[in-house]
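Based on the sequences and whatever the hints tell you, model everything.
Each residue of the sequence shown is one higher than the last, beginning at 14 in the working numbering.
Among these hints, one or two may not hold up.
For lysine-lysine, the following DSS-like pairs were computed, each having C-alpha atoms within a straight-line distance of at most 27 angstroms [what the hints assert, rightly or not]:
#1 Lys-45 x Lys-71
#2 Lys-285 x Lys-256
#3 Lys-68 x Lys-45
#4 Lys-68 x Lys-29
#5 Lys-29 x Lys-84
#6 Lys-68 x Lys-84
#7 Lys-84 x Lys-103
#8 Lys-29 x Lys-71
#9 Lys-261 x Lys-285
#10 Lys-71 x Lys-103
#11 Lys-103 x Lys-29
#12 Lys-103 x Lys-68
#13 Lys-71 x Lys-84
The calculated label-pair distances, taken between Cβ atoms and stated as ranges, are [claimed, not checked]:
#14 Phe-161 x Ala-191: 21 to 27 angstroms
#15 His-86 x Ala-191: 37 to 43 angstroms
#16 His-37 x Pro-181: 23 to 29 angstroms
#17 Glu-173 x Pro-70: 34 to 40 angstroms
#18 Gly-108 x Pro-70: 17 to 23 angstroms
#19 Ser-268 x Gly-324: 15 to 21 angstroms
#20 Val-321 x Gly-266: 20 to 26 angstroms
It is worth saying that the hints were derived from the structure and are not from the lab. Quick reminder that beta carbons are idealized off the backbone N, C-alpha and C, glycines included.
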Amino acid sequence: RKDVGHTHVMSAHLAKYGQFGFEHGFMGVPVKGEFRGNDGRSRLNWFEGGTTIIKHPKHGTHEVHGLIRNKWHSLGAEGYYGAPTTDEFKGNDRGRSRLSWFAGPDGPRTIIWTPGIGTHEVRGRIRDTWHAFGGEGGVLGAPTSDEFTGQNGARVSRFERGLIIWTPSTGARAVFGALLANYSTRGWEGGDLGAPTSNEWRFRDGWGQDFQNGRLLFMDNGSYRTQVRTNPYVRSVRAEDVKHTYRKGCPVGPSNLRVVEMNHLGYDGRIKRGQLIVHRDTVGRVTRAFGSSQWESFPINRMSNPNVWRGQD
Numbered sequence: 014r015k016d017v018g019h020t021h022v023m024s025a026h027l028a029k030y031g032q033f034g035f036e037h038g039f040m041g042v043p044v045k046g047e048f049r050g051n052d053g054r055s056r057l058n059w060f061e062g063g064t065t066i067i068k069h070p071k072h073g074t075h076e077v078h079g080l081i082r083n084k085w086h087s088l089g090a091e092g093y094y095g096a097p098t099t100d101e102f103k104g105n106d107r108g109r110s111r112l113s114w115f116a117g118p119d120g121p122r123t124i125i126w127t128p129g130i131g132t133h134e135v136r137g138r139i140r141d142t143w144h145a146f147g148g149e150g151g152v153l154g155a156p157t158s159d160e161f162t163g164q165n166g167a168r169v170s171r172f173e174r175g176l177i178i179w180t181p182s183t184g185a186r187a188v189f190g191a192l193l194a195n196y197s198t199r200g201w202e203g204g205d206l207g208a209p210t211s212n213e214w215r216f217r218d219g220w221g222q223d224f225q226n227g228r229l230l231f232m233d234n235g236s237y238r239t240q241v242r243t244n245p246y247v248r249s250v251r252a253e254d255v256k257h258t259y260r261k262g263c264p265v266g267p268s269n270l271r272v273v274e275m276n277h278l279g280y281d282g283r284i285k286r287g288q289l290i291v292h293r294d295t296v297g298r299v300t301r302a303f304g305s306s307q308w309e310s311f312p313i314n315r316m317s318n319p320n321v322w323r324g325q326d
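Take a look at the structure:
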């Protein structure tokens with residue numbers, strides 16, 4: 014054509030072009046002859062319909078077009094995001110969404126377009142968990158965000174009906190439904206529960222999910238219950254820890270005391286961090302006793318070093 018000049022489409026690119034109807038299909042005519050990709054390995058052609066055909070020596074020949082192609086380019090195309098491993102295809106949400114899969118440097122990646130939501134990418138361990146829950150056709154639905162940095166260094170992707178949170182120590186876990194409704198009011202992964210350490214599970218009277226600082230339960234009667242992991246941390250006493258509570262001549266000196274920091278359930282139903290000072294010989298018994306009481310959701314108004322009262326018990 015005179016407006017695009019002479020361009021060439023050859024070999025595997027030509028076969029893929031023909032698969033979609035040559036110049037009479039949605040690709041239209043080629044606007045750039047075959048050229049080397051910016052990953053140094055791929056070969057590409059561009060077409061007037063906003064389509065790329067790309068051949069990769071390992072992943073084969075595929076097309077990327079439309080809003081998915083735009084997203085792919087914005088993320089670095091084959092030079093950073095990775096080459097496509099599929100043509101664009103319909104999602105398993107009754108064909109509502111459109112997807113392409115890519116081979117990223119850290120594993121498979123997905124770019125997905127959904128009407129009314131837009132185009133987003135899902136990758137890594139979060140993608141693995143999303144697929145385990147059925148992908149766009151599952152309980153989470155299609156993504157409503159790209160992956161982003163959450164609180165306390167977590168990586169997060171949001172979906173239509175939930176979210177997936179990944180941290181190095183907890184892996185990628187999904188939160189959705191009634192548990193998500195309560196979790197969101199508590200500050201997500203930066204709140205009192207911390208990041209999820211399990212996906213949700215069913216028990217006799219409701220649904221439960223484990224988090225770094227405790228367990229959240231949603232009962233069949235519509236109520237919530239929090240079981241607390243005390244996560245105790247024990248250290249030696251420093252002079253400032255007993256500034257107002259130790260005087261020379263006291264029968265138990267600071268060297269025989271230990272500071273125990275632990276989680277506990279407040280009267281407001283939130284997990285808080287408190288502190289006790291105990292004799293070193295009682296640390297094990299004290300932490301076990303508080304661990305049992307907190308797992309039974311026994312509330313404690315305040316657990317503070319007596320220094321806050323300047324020694325006035």
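So, going through the hints one by one against the coordinates:
The straight-line distance between the Cα atoms of Lys-45 and Lys-71 is roughly 23 angstroms, inside the 27 angstroms bound, and the hint therefore holds. With a C-alpha separation of about 24 angstroms, the suggested pair Lys-285 and Lys-256 falls inside the 27 angstroms cut-off, and the hint holds. Between Lys-68 and Lys-45, the direct Cα distance comes to roughly 15 angstroms. Compliance with the 27 angstroms bound is thereby established for this hinted pair. A hinted pair counts as satisfied when its Cα atoms are at most 27 angstroms apart, and Lys-68 with Lys-29 qualifies at roughly 10 angstroms.
With a CA separation close to 22 angstroms, the supplied pair Lys-29 and Lys-84 stays within the 27 angstroms bound. For the proposed pair Lys-68 and Lys-84, the alpha carbon gap of about 19 angstroms is at most 27 angstroms, so the pair holds. Our distance criterion of 27 angstroms between C-alpha atoms is met by Lys-84 and Lys-103, whose separation comes to about 17 angstroms. Distance hint between Lys-29 and Lys-71 is fulfilled; the C-alpha atoms sit about 16 angstroms from each other, no more than 27 angstroms.
The suggested pairing of Lys-261 with Lys-285 is violated, with an alpha-carbon distance near 33 angstroms, which exceeds 27 angstroms. The straight-line distance between the Cα atoms of Lys-71 and Lys-103 is roughly 24 angstroms, inside the 27 angstroms bound, and the hint therefore holds. Simply put, Lys-103 and Lys-29 have alpha-carbon atoms about 18 angstroms apart, close enough for the 27 angstroms limit, and the pair holds. Proposed proximity of Lys-103 and Lys-68 is supported: the alpha carbons are some 22 angstroms apart, at most 27 angstroms.
Annotation: proposed proximity of Lys-71 to Lys-84 holds, straight-line Cα distance about 22 angstroms (limit 27 angstroms). Taken as a hint, the range 21 to 27 angstroms holds for the pair Phe-161 and Ala-191, whose Cβ atoms sit roughly 25 angstroms apart. Range check, His-86 to Ala-191: Cβ separation about 40 angstroms, and the 37 to 43 angstroms hint holds. In this structure the supplied range 23 to 29 angstroms is violated for His-37 paired with Pro-181, their Cβ-Cβ distance being about 51 angstroms.
Glu-173 and Pro-70 have their C-beta atoms about 37 angstroms apart, which keeps the hinted 34 to 40 angstroms range intact. Checking the proposed 17 to 23 angstroms range against Gly-108 and Pro-70 shows it is violated: the Cβ atoms sit about 32 angstroms from each other. Between Ser-268 and Gly-324 the C-beta distance comes to about 19 angstroms, which sits within the given range of 15 to 21 angstroms. A C-beta distance of roughly 22 angstroms is found between Val-321 and Gly-266, which places it inside the suggested range of 20 to 26 angstroms.
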